[in-house]
Amino acid sequence: MNHQEKSERDELRARFTGWLEVTLYRAKLNYVKKLERDKGIVYVDEMPEELWASENPERNWIQEISEPDVFHFEEERLEDAFDRLSEQRREILSMLFVEERTPKEVAGRIGCSLRHVYKQRSQALKQLRKMLEEGGEDNE
Amino acid sequence: MSKEEFRSILIGAVSGNHEDLEKILELYMPLIEKNSYLNGNRDEDLKQYLMIHIALQIGKFPI
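Chains as they are written, first to last, in my numbering: chain A, 806 to 945; chain B, 152 to 214.
Any given hint could turn out to be false.
What the hints assert, rightly or not - Label pairs and their in silico Cβ distance ranges:
{"no.": "1", "chain 1": "A", "residue 1": "V827", "chain 2": "B", "residue 2": "H169", "range": "48 to 58 Å"}
{"no.": "2", "chain 1": "B", "residue 1": "I214", "chain 2": "A", "residue 2": "R831", "range": "12 to 22 Å"}
{"no.": "3", "chain 1": "A", "residue 1": "K844", "chain 2": "B", "residue 2": "E195", "range": "39 to 49 Å"}
{"no.": "4", "chain 1": "A", "residue 1": "T907", "chain 2": "B", "residue 2": "L176", "range": "17 to 27 Å"}
{"no.": "5", "chain 1": "B", "residue 1": "D196", "chain 2": "A", "residue 2": "A819", "range": "22 to 32 Å"}
{"no.": "6", "chain 1": "B", "residue 1": "Q199", "chain 2": "A", "residue 2": "R889", "range": "53 to 63 Å"}
{"no.": "7", "chain 1": "A", "residue 1": "R882", "chain 2": "B", "residue 2": "K185", "range": "45 to 55 Å"}
{"no.": "8", "chain 1": "A", "residue 1": "R882", "chain 2": "B", "residue 2": "L182", "range": "52 to 62 Å"}
{"no.": "9", "chain 1": "A", "residue 1": "E841", "chain 2": "B", "residue 2": "R193", "range": "54 to 64 Å"}
{"no.": "10", "chain 1": "B", "residue 1": "D196", "chain 2": "A", "residue 2": "R920", "range": "53 to 63 Å"}
{"no.": "11", "chain 1": "A", "residue 1": "K909", "chain 2": "B", "residue 2": "A206", "range": "29 to 39 Å"}
{"no.": "12", "chain 1": "A", "residue 1": "V903", "chain 2": "B", "residue 2": "A206", "range": "14 to 24 Å"}
{"no.": "13", "chain 1": "A", "residue 1": "I915", "chain 2": "B", "residue 2": "D196", "range": "30 to 40 Å"}
Calculated from the structure, these hints are not laboratory results.
Where is the CB? At the ideal position from N, CA and C, for every residue including glycine.
With the sequences and hints as input, model every part of the structure.
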């Protein structure tokens, strides 16, 4: 085999090998992405029998899986504590954490200084923390 | 494998010939095996996925 023949053979094979390497790399990436997508999926045939064969038809097993009781409990406590805050503090926290507004925007909307927003936020968070630590009892 | 043999097999595989496709898969099995590892573990499902992917995509290779 002379040098020219070897070069010709290598050209097609090298081109195909290169194409295959890229194709395999992309396929592997797709496979990994698919695995990631499927991670949170729970298939019916993999579920414990007691979940779908519950005697109580009112029981919402999907909610139980996605939101355990402990989460409900914490959420309710936080909600109770939040309701005990003053109206202005509730308004400020809602705008900051729910509507995701900046402190400057909040100050503009309620017509107060930026400093006041920071102070109210800080005090409201302290108050919430204290109420949660004391089991929801507000002493302020 | 000579240049002509490889060309003939590749053209066959690209055209949809199953025997030629098997030969290509056999020839490139080390590359497929190399890509069949995830986090250091060999993944048989991934290997099957790659082989099926080659079978579906090889028709797009420009000879």
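Hint check results:
1. A:V827 <-> B:H169: 48 to 58 Å: Since V827 of chain A and H169 of chain B have Cβ atoms about 24 Å apart, the given range 48 to 58 Å is violated.
2. B:I214 <-> A:R831: 12 to 22 Å: holds (21 Å)
3. A:K844 <-> B:E195: 39 to 49 Å: violated (19 Å)
4. A:T907 <-> B:L176: 17 to 27 Å: Given range 17 to 27 Å: violated, Cβ gap about 58 Å.
5. B:D196 <-> A:A819: 22 to 32 Å: 30 Å Cβ-Cβ, so the 22 to 32 Å window holds.
6. B:Q199 <-> A:R889: 53 to 63 Å: Cβ of Q199 of chain B to Cβ of R889 of chain A: about 59 Å, so the range 53 to 63 Å holds.
7. A:R882 <-> B:K185: 45 to 55 Å: Given about 54 Å between the Cβ atoms, the range holds.
8. A:R882 <-> B:L182: 52 to 62 Å: Holds - the Cβ-Cβ distance for R882 of chain A and L182 of chain B, about 57 Å, lies within 52 to 62 Å.
9. A:E841 <-> B:R193: 54 to 64 Å: violated (19 Å)
10. B:D196 <-> A:R920: 53 to 63 Å: Holds - the Cβ-Cβ distance for D196 of chain B and R920 of chain A, about 59 Å, lies within 53 to 63 Å.
11. A:K909 <-> B:A206: 29 to 39 Å: For K909 of chain A and A206 of chain B the Cβ distance comes to about 59 Å; the hint is violated.
12. A:V903 <-> B:A206: 14 to 24 Å: Roughly 52 Å apart at Cβ, these two residues miss the hinted range, so it is violated.
13. A:I915 <-> B:D196: 30 to 40 Å: violated (57 Å)
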